[in-house]
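Asks: Here is what each chain is made of, one letter per residue.
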Amino acid sequence: MASTVIGANITIEGEVIADEDVVVQGTIRGKLTAKDGVVVEAGAVVEADVSGGPMTVAGQVTGNVTSTDRVELQSGARVIGNVKAARITIADGAHFKGNVDMDV
Amino acid sequence: MAQAKTTVRHAPPPVRSGSRDAAVLGASVRIRGRISGEGDLSILGSVEGDVSVRGDLTIGDGARVASETLEAHAVTIAGELDGDVSASGPVRLASTARVHGDLKGSEISIEEGAQFAGRLEADFELPAALGKAR
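So the protein sequences, as listed, match chains A and B. Residue 1 is where the first sequence starts when you use the working numbering, and the numbers rise one by one after that. Residue 1 is where the second sequence starts when you use the working numbering, and the numbers rise one by one after that.
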């Protein structure tokens, strides 16, 4: 269970570092570094470089995404930036502009 | 037996007790920067920077907050705070609180065991006897 939730009406401007799962429903501007999973829910706005474990994006991300595991862009997601991950899925209906680096 | 046609690829998201407005910053989370918002906020980790929320703010036991200004409605502090609190509602220092800074609120309560260094500012009417003495 995710112990960190950045609620829909919360805005963080700065650097967020977490050793646990992070669920973003609100806004982050700056940098997000997680050791574990990151979920960017629909309606969330992340204007930051994001790095962490498995990532699920249904909201808006502007910035580079780096994952040690997999990145899943769900339908409705809007990602502008480069994605670096071992595995990536882009669902039908996801918007994505950037490069993919799967480290092959 | 009929089976559901859709296959679930991922476990359903965990049920969260709080409302969608609530924000919880877990114990391992460190934030350097400004936090603002409309909803409630619970800080269990470490925050360096200003915090301004419309809802209630809780600084949990074990949390560390260093900020110039901390604005919220009701504020409950059970952790460590270095900075001033400006609350539109009540301010409560739990027994585990360690606070260095000024507190302003509609009511202020400090539990036994709490450590506090700073000024208190609360709007209340002095009893008539004390009022005359001034």
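Since the hints were made in silico from the structure, they are not lab data. Cβ coordinates follow ideal geometry from the N, Cα and C atoms, glycine included. Careful, some of the hints might be misleading.
Claimed, not checked - Sample of chain A residues facing chain B (criterion: CB under 7 Å; computed from the structure):
(1) Thr4
(2) Ile12
(3) Ala18
Stated by the list, open to error - Here are the computed lysine to any residue pairs in the SDA-like style, where the Cα-Cα straight-line distance is at most 25 Å:
(4) A/Lys35 x B/Gly62
(5) A/Lys35 x B/Gly33
(6) A/Lys31 x B/Lys104
(7) A/Lys31 x B/Gly49
(8) B/Lys104 x B/Ala66
(9) A/Lys35 x B/Pro127
(10) A/Lys35 x B/Thr69
(11) A/Lys35 x A/Asp92
(12) A/Lys35 x B/Gly49
(13) A/Lys35 x B/Lys104
(14) A/Lys97 x B/Lys104
(15) A/Lys31 x B/Thr69
Asks: What are the numbers of the hints that this structure violates, sorted from low to high?
Replies: 6, 9, 10, 11, 13, 14
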